[in-house]
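Just so we're aligned, residue 28 is where the sequence shown starts under the working numbering, counting upward by one.
These aren't lab readings, by the way, just hints derived from the structure by calculation. It cannot be assumed that every hint is accurate.
To be verified - Derived lysine to any residue pairs resembling SDA-like cross-links, with alpha carbons at most 25 Å apart: (1) LYS30 x ASN81; (2) LYS107 x ILE31; (3) LYS112 x GLU52; (4) LYS54 x VAL99; (5) LYS53 x GLY102; (6) LYS54 x GLU84; (7) LYS54 x LYS30; (8) LYS107 x ASN81; (9) LYS107 x VAL35; (10) LYS107 x ILE124; (11) LYS107 x GLY78; (12) LYS107 x TYR121; (13) LYS107 x MET28; (14) LYS54 x VAL128; (15) LYS54 x ASP71; (16) LYS53 x GLN105; (17) LYS112 x GLY97.
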Amino acid sequence: MRKILIFVLIFVLISLVLAINIEIEKKSSDEVMIYGLDDSVVFDLEIINLGGSNSFEFYNLVGFEMFPIGTVYMGQGQTKDVQVKISPIGEFDYRGIYTFVYFIRG
């Protein structure tokens, strides 16, 4: 029982240490994707790295193509303006309000 408790404690501490600490502010306000057009949606983000130096990657699980491809390096305490472009892969035939979910991995 004691070994299990120690294992759980170590697991919780590791997850706290490995978490990224960033602050994101969206600068743009006119993100629209029009049905029938193949234009990308562009999000202008201001990212502040409150943790240690790290490379950050933007991704989604829905099947949209995202830019920047690869990672964006940010030093400790650095603020960077990042332009995230999102394009559907294939035809996007959704009509109405759509909430796009993306993730940032460090």
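Each hint tested on the structure:
| no. | hint | in the structure |
| --- | --- | --- |
| 1 | LYS30 x ASN81 | violated (33 Å) |
| 2 | LYS107 x ILE31 | violated (42 Å) |
| 3 | LYS112 x GLU52 | holds (16 Å) |
| 4 | LYS54 x VAL99 | holds (18 Å) |
| 5 | LYS53 x GLY102 | holds (20 Å) |
| 6 | LYS54 x GLU84 | holds (19 Å) |
| 7 | LYS54 x LYS30 | violated (49 Å) |
| 8 | LYS107 x ASN81 | holds (13 Å) |
| 9 | LYS107 x VAL35 | violated (36 Å) |
| 10 | LYS107 x ILE124 | violated (29 Å) |
| 11 | LYS107 x GLY78 | holds (14 Å) |
| 12 | LYS107 x TYR121 | violated (32 Å) |
| 13 | LYS107 x MET28 | violated (47 Å) |
| 14 | LYS54 x VAL128 | holds (17 Å) |
| 15 | LYS54 x ASP71 | holds (5 Å) |
| 16 | LYS53 x GLN105 | holds (17 Å) |
| 17 | LYS112 x GLY97 | holds (13 Å) |
This entry does not satisfy hints 1, 2, 7, 9, 10, 12 and 13, going by the numbered hints stated previously.
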